[in-house]
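Visitor: Sequence:
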Amino acid sequence: MMKSIKKLFSRKNESPKSIHTTSSGGGCDTSTSEEQVQPETAKERVVRAYVQYLNGHDMDGAKELMADDCRCIFITQGDNMEMEYNEMAAEVVNIFEAFPDFKFRFDSSIDERKSDGVVVWSDLVPNGHHTGKPYAFGPCPAIEASGKYVENPPETICFHVNEQGKITKHVIESTGEMSGPPGIYTQLGGFPLM
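Numbering (the UniProt record's numbering), first residue to last: 1 to 194.
Some hints could be false.
[Unchecked claim] List of simulated lysine-lysine pairs, DSSO-like, C-alpha gap at most 30 Å: (1) Lys43 <-> Lys169; (2) Lys103 <-> Lys133; (3) Lys133 <-> Lys148; (4) Lys103 <-> Lys166; (5) Lys148 <-> Lys43; (6) Lys169 <-> Lys103; (7) Lys43 <-> Lys166; (8) Lys103 <-> Lys63; (9) Lys148 <-> Lys166; (10) Lys43 <-> Lys103; (11) Lys169 <-> Lys63; (12) Lys133 <-> Lys43; (13) Lys148 <-> Lys103.
[Unchecked claim] Quick list of the computed label-pair ranges, beta carbon to beta carbon: (14) Gln187 <-> Asp79: 26 to 32 Å; (15) Pro134 <-> Asn162: 34 to 40 Å; (16) Thr131 <-> Thr41: 23 to 29 Å; (17) Tyr149 <-> Glu40: 16 to 22 Å.
No wet-lab data here; the hints were simulated from the structure.
All residues carry an ideal CB built from backbone N, CA and C; glycine is no exception.
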């Protein structure tokens, strides 16, 4: 957040039309230009609704936006893992139960790549406090809640949205060691990822 604020103030000599940000604090468009900002596309609205459902811990709402055969691909430091959406959703529900305030914080706006229709959100930061149920990853022993705060590195998510407004695939890329559920588990004191 501080980084975003510093960026905003460092642009004070730029024309207002060059500033366009959206934040998790309700989102704001600080653009005051006569130049029209491109309205959000239908596919971008689907992606924004999906992230809002996740931040509201509404997996039923999120699932409504997914195609029946949706695939989730995780890319972390050269490793790829693919799973069906229902498998991923079950893990997300476990995270929500262990981290009641779990959210994806963000500072940027989303962008649809016009050439292939993929909607990209480049800086979603998973974070929360472990104040709920014990948390386990896979077959590892559950760790009791201690209130510890966890924050994974920013993730870039590429959402493939079909013409019916359903997400058919999402590819989640993270560059840090503490990414995904294993990163959350490690930050709580579980196995080291190295």
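Visitor: Each hint needs a verdict: does it hold in this structure or not?
Guide: Consistency of the hints with the structure:
| no. | hint | result |
| --- | --- | --- |
| 1 | Lys43 <-> Lys169 | holds, 13 Å |
| 2 | Lys103 <-> Lys133 | holds, 17 Å |
| 3 | Lys133 <-> Lys148 | holds, 13 Å |
| 4 | Lys103 <-> Lys166 | holds, 22 Å |
| 5 | Lys148 <-> Lys43 | violated, 36 Å |
| 6 | Lys169 <-> Lys103 | holds, 21 Å |
| 7 | Lys43 <-> Lys166 | holds, 9 Å |
| 8 | Lys103 <-> Lys63 | holds, 17 Å |
| 9 | Lys148 <-> Lys166 | violated, 36 Å |
| 10 | Lys43 <-> Lys103 | holds, 22 Å |
| 11 | Lys169 <-> Lys63 | holds, 12 Å |
| 12 | Lys133 <-> Lys43 | violated, 35 Å |
| 13 | Lys148 <-> Lys103 | holds, 15 Å |
| 14 | Gln187 <-> Asp79: 26 to 32 Å | violated, 18 Å |
| 15 | Pro134 <-> Asn162: 34 to 40 Å | holds, 38 Å |
| 16 | Thr131 <-> Thr41: 23 to 29 Å | violated, 38 Å |
| 17 | Tyr149 <-> Glu40: 16 to 22 Å | violated, 32 Å |
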